[in-house]
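Here the protein sequences come in this chain order: A and B.
Our numbering puts the last residue of the first sequence at 115; the count rises by one with no breaks.
Our numbering puts the last residue of the second sequence at 113; the count rises by one with no breaks.
It should be emphasised that the hints constitute simulated quantities derived from the structure, not laboratory data.
Be a bit skeptical, because a hint or two may be false.
When the alpha-carbon atoms are kept at most 20 angstroms apart in a straight line, the in silico SDA-like pairs for lysine to any residue are as follows [what the hints assert, rightly or not]:
| # | chain 1 | residue 1 | chain 2 | residue 2 |
| --- | --- | --- | --- | --- |
| 1 | B | Lys67 | B | Thr24 |
| 2 | B | Lys2 | A | Gly61 |
| 3 | B | Lys2 | B | Ile102 |
| 4 | A | Lys55 | B | Gly96 |
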Amino acid sequence: GAVVSQHPSRVICKSGTSVKIECRSLDFQATTMFWYRQFPKQSLMLMATSNEGSKATYEQGVEKDKFLINHASLTLSTLTVTSAHPEDSSFYICSAGTGRGQPQHFGDGTRLSIL
Amino acid sequence: QKEVEQNSGPLSVPEGAIASLNCTYSDRGSQSFFWYRQYSGKSPELIMSIYSNGDKEDGRFTAQLNKASQYVSLLIRDSQPSDSATYLCAVNLPSGNTGKLIFGQGTTLQVKP
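Whole structure, please, built from the sequences with the hints as guidance.
Put into structure tokens, the structure is as follows:
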């Protein structure tokens with residue numbers, strides 16, 4: 001149980017392109033979904049927290065107009081990196097949780113490379 | 001002071017030995033504690049949850065929690081080369097209902113054959 005599917009697993013695209021990443025909880029309804037970014041050899045960095053039907057809460061320093069999050073249902077959240085540039089190249093990982101005190105379950109991550 | 005602290009390592013142990021990974025946290029209100037394993041280039045995978053003081057065993061893994069001292073540890077018995085990974089300690093944020101977790105920076109474990 002507690003399977004989270006994330007697609008695509010890898011994206012390579014040109015600078016200026018917008019990229020959409022999907023995160024789905026397959027066998028449970030996620031109260032909250034989280035989006036992380038991780039650079040090589042570095043810690044997980046939380047970007048934003050999203051709840052179904054409401055605006056995402058972004059962490060300090062994360063541009064909400066750059067990283068658009070839509071949480072349309074209890075099983076689907078999307079992250080769109082708008083007008084991506086090489087510095088946005090990173091490993092993006094989503095997770096889903098069922099509320100306070102419960103673990104988060106992670107998707108397999110999306111490796112984004114902007115040329 | 002960081003909210004969740006781990007020694008980054010690397011922690012190197014021989015195959016078959018016990019690996020001991022430690023984590024301290026700053027918020028006494030935290031009630032839920034998790035250990036995740038992250039292989040290089042992969043996403044984190046939940047391996048243990050612990051909510052009460054004491055030990056919790058699952059196969060070769062034992063999580064230990066001491067809320068008075070604000071530390072949580074993970075023991076891996078009979079360590080295997082396949083256990084070589086980064087282990088992340090995560091603690092719940094007491095306020096709010098989102099299930100937000102605070103992660104430590106992770107301890108890299110190397111199990112040598």
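For each hint, the structure was consulted:
Straight-line distance between C-alpha atoms of Lys67 (chain B) and Thr24 (chain B) comes to about 10 angstroms, which keeps the hinted pair within the 20 angstroms bound. Taking the CA atoms of Lys2 (chain B) and Gly61 (chain A), the gap is near 18 angstroms; set against the 20 angstroms cutoff, the hint holds. The suggested pairing of Lys2 (chain B) with Ile102 (chain B) holds, with an alpha-carbon distance near 10 angstroms, which does not exceed 20 angstroms. Using a Cα cut-off of 20 angstroms, the hinted pair Lys55 (chain A) and Gly96 (chain B) holds, with the two alpha carbons roughly 16 angstroms apart.
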